[in-house]
Amino acid sequence: MDKKTDFDQTKLEEMVGVPLDRLKPKRVHRNPELTLWEKIYVPEVVRGLGITTRHFVSNMIGFVAPPSGKKRSIFTVYYPEEKVELPPAYRGRPVLVAKADGTEKCVACGLCEKICPAKAITIEALENAMGERYPYKYTLDGSRCVYCGYCEEVCPKEAIVMSAEYEGLAERDRRQMIYSKEQLLRSEESVKGRLEYIRRIYAKWNY
Amino acid sequence: MPETIRDLSTEQMVINMGPSHPVTHGTVKFLATLDGENIVDLKVDIGYLHRGFEKMCESGTWQQVIPYTDRLNYVSPLINNVGYALAVEKLIGIEVTERCKYIRVIASELARIADHLTNVAAGAMEVGAMTAFLYFVEARELVWDLIEALCGARVTANYVRIGGVKNDLPDDFAKRTHEVFKRCHELWADVDKLLTHNRIFIDRLRDVAPMTGEEAIALGFTGPCLRATGVPYDVRKAHPYLVYDRLDFEVPIGETGDNFDKYLVRMEELKQSMRIVEQALNRIPSGPVNLDMPKYRWQSKDDIYNRADSLIFHFKTVIDGIKPPVGEVYLAVEGGNGELGFYLVSDGSGKPYKCRVRPPCFPLTAAMPRMMKGRLIADIVPTFDMINMIGGECDR
Amino acid sequence: MFADMIESVAKILFIFTVNLGFFAPILGWVERKQSALMQDRIGANRADVGGFTIIGLFHPISDAIKVIMKEDFIPAGAEKLLHTLAPAISLIPAIITFAVVPFGGQYELFGHHVNLVIADLDVGILYVFAFSGLATYGVVLAGWASRNNWSLIGGLRASAQMLSYEVAMGLTVIGVMMVYGTLKLTEIGAMQESLFHWGVFLQPLGFILFFTCAVAENKRAPFDMPEAESELVAGYFTEYSSFKFVMFWMGEFLEIVTIAGLVTTLFFGAWHIPFVSDSALVSFFHFAGPNGAAVLAMLVNITTFFVKVCFFIWLQMTIRWTLPRFRYDQVMKLCWKMILPLSLVNILITGLVLLNG
Chain A
729 MDKKTDFDQT KLEEMVGVPL DRLKPKRVHR NPELTLWEKI YVPEVVRGLG ITTRHFVSNM
789 IGFVAPPSGK KRSIFTVYYP EEKVELPPAY RGRPVLVAKA DGTEKCVACG LCEKICPAKA
849 ITIEALENAM GERYPYKYTL DGSRCVYCGY CEEVCPKEAI VMSAEYEGLA ERDRRQMIYS
909 KEQLLRSEES VKGRLEYIRR IYAKWNY
Chain B
7 MPETIRDLST EQMVINMGPS HPVTHGTVKF LATLDGENIV DLKVDIGYLH RGFEKMCESG
67 TWQQVIPYTD RLNYVSPLIN NVGYALAVEK LIGIEVTERC KYIRVIASEL ARIADHLTNV
127 AAGAMEVGAM TAFLYFVEAR ELVWDLIEAL CGARVTANYV RIGGVKNDLP DDFAKRTHEV
187 FKRCHELWAD VDKLLTHNRI FIDRLRDVAP MTGEEAIALG FTGPCLRATG VPYDVRKAHP
247 YLVYDRLDFE VPIGETGDNF DKYLVRMEEL KQSMRIVEQA LNRIPSGPVN LDMPKYRWQS
307 KDDIYNRADS LIFHFKTVID GIKPPVGEVY LAVEGGNGEL GFYLVSDGSG KPYKCRVRPP
367 CFPLTAAMPR MMKGRLIADI VPTFDMINMI GGECDR
Chain C
16 MFADMIESVA KILFIFTVNL GFFAPILGWV ERKQSALMQD RIGANRADVG GFTIIGLFHP
76 ISDAIKVIMK EDFIPAGAEK LLHTLAPAIS LIPAIITFAV VPFGGQYELF GHHVNLVIAD
136 LDVGILYVFA FSGLATYGVV LAGWASRNNW SLIGGLRASA QMLSYEVAMG LTVIGVMMVY
196 GTLKLTEIGA MQESLFHWGV FLQPLGFILF FTCAVAENKR APFDMPEAES ELVAGYFTEY
256 SSFKFVMFWM GEFLEIVTIA GLVTTLFFGA WHIPFVSDSA LVSFFHFAGP NGAAVLAMLV
316 NITTFFVKVC FFIWLQMTIR WTLPRFRYDQ VMKLCWKMIL PLSLVNILIT GLVLLNG
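Heads up: the protein sequence lines correspond to chains A, B and C, in order. Each residue of the first sequence is one higher than the last, beginning at 729 in my numbering. Each residue of the second sequence is one higher than the last, beginning at 7 in my numbering. Each residue of the third sequence is one higher than the last, beginning at 16 in my numbering.
Looking at chain A on its own, in the form it has when it is part of the complex (with noise of 0.2 Å):
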């Protein structure tokens, strides 16, 4: 069973369209003929064994008395005692942000709701007594946001943050994932990190 392709080798320049020595191909080492070590599986299976063994004791002893000071062998995180570090770029729930009076920034642009790939946001605009427009609705549907961040990077206002939330993203019902305005709102305090991270990446194209 164990041929060889049996196409001419020296036909493989045409077939790729390329010269042979631009591509530097590699022939992985298929191990063709099984050594007699190989052949009675109990050396390999003995290797084998060692290596899950010695995962397994380096772990045991990390988790009877892990060595102190020293990170914890085990990868998983003990997620509601333990948390993941999160880097400035993660995007959690888009948020609104608000202004030192609790209203929002946002100005009803509509360039967010334009932007949208999943169409998860709707914006109903009215002016407010000084003539200024004003997001008198602003909806976001939770359950159709793919969290690509796009709303924020098109924000001309600073208006609309992808923040660090990520509990209590979905809920069991859909249509208590219909957020409003009033449920997006966040002080500007709360999305500092965000606000700089974003006037750090998007300020200058460094041209």
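The hints are simulated quantities; they were obtained by calculation from the structure and are not laboratory data. The structure displayed is predicted, hence computed values, not measured ones. Each hint should be verified, as a subset may be incorrect.
[Claimed, not checked] Only some residues are given here: those of chain C computed to face chain A with a beta carbon under 8 Å:
1) L52
2) D55
3) R56
For glycine and all other residues, C-beta sits at the position ideal for the given N, C-alpha and C.
Chains B and C: place on chain A using the hints.
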């Protein structure tokens, strides 16, 4: 003796393998006709994950397609991003900056590492080696952490933009990558020891579903599955894009194209990809990552906040979308499974007129009956895993 | 007479408690926890009583509750009687095979002779084979009676695999029988008092072959063809739920214990501590009086035995989580083309050595 055989009633059994079966991940159905344990006939039934990607693209602007491409090959979304962005850039006729090219190479190679890790791990798990699976999943988790630090999400990356990328590399990225790769190499060595010389594993994979190079080309194979047959075709080498022609890496090829070759090719490519990332990190030049082309790349926030003309133009590009010239383009990148091609047609409007994807695993899945006829039912497991059919990409 | 009865009842109770009350539930926990540690994970630890988790030890209880509460499902068109009977047929042999495995030596206690084995049969090993052969019926019937194609394939695989390995396993132990000249497990155990008389040193090949066959007979990875979850969904117990499912599961775990016990008895010095003879042990405890010494020696021997058993349970678990699964034809090839000839060679060599030595 012949009379005995005649008297033996050997009915064939038709059995539905999937769409919800442990081996048919990615949701596919095999309609297998069995004679005992032997497969007499196999039909592949795809389409369970069809979401209308191509039609969906036609209703969004050119930029809005990028998050959709994340969901094609959801194991290596960054490569899809890169492929789509490159295709659009080719359509427009622009070239991104040097630093951006390196960043894109790093991103795609990280995604490729995640892809191959998942694939080899799942292959090991499905033939029963659960521990090897979890070692590679651990490595993949570390790679995903890197991707998360880079673009803010582990799977739904949405990182590459037309004319640039979303953001520059994080500050300590090179250092972190180095640490992660060190651990990845350790885990790679463990898995290699657990599997590559283990006779049980070799017997399961070797000489199952062999394929000659010519036949593989005729069937439309690309990627690791084609290279396993001994044809060193790699889009990164054959039609270099980004800066792949300036980086030093090898194309691992196999001999017979069986599952063991596919496994070995993937294992070797993991190392090569790590090499590429390290080289790229060493050589990456400083400079801008985005093009100064408000027509195609959204402007920086500084301009938008401070300049009225920029703001107005920003509104225009977001609402109407960017408008590539009328034309059509095909561009392929080396995806996790092979040649991932984007065929785009523009009618000059803000939305793609047509966005067709050439999924690398579609021809591979189509070759399943050819590879499986006459083999044992247990051979479906490693074969289907090694062709690495990804539902999101195959069914679109 | 009365004392004999008490002794028997006490031994049966002890083994029942240890096997069904301790090993069967705890092995589920061990399996999860050990695999977790091998794979850099934490493992199940969420079941808690009043905030205490004790590293997940409540999981067997919560599992038991969950599984008993589940709907007992019999698929339409299934053979009801056999479908119900099959789990019992595969569980009962697993429980009763341990009867012939000695878990300690023989002691004089208050003028009464205590032999720490439930049934000291002259044909001890054959009894084990006889009953593990019966377990095959349970699996085959389960596969057939479920009226499910996957179950059917699983059952067929099981019948072929278990019968083949039955044959090979019988042959692998013949070497041991020849060396010790008996079929009685208590005698085989007693003869391994000195470390150099341990079966593993006299029959190294026999040990490896027997262990392989035993694991294959128990249908655990890498020989889990009949259930092979990636191929056959769950094989012969695809259509089982609730307590019937647990019976298969418990049968498997009990068989792990039995295999560990057998391996210990046949190859690893049974209840003996290396370099410590039975008489030395009794004389070490002479301060406790003759009866007290016997009791203490008995406890030490039982502990030794179960420590060894635990080691082999651990080994089986490690193997199960490390190795990939064979393919069906390879399992059969391994049996008929490798283990069977090798065990014959083993018998031949043993015979030659015995003749000359």
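**Item:** Enumerated hints in conflict with the structure, sorted upward
**Value:** Of the numbered hints, all hold.
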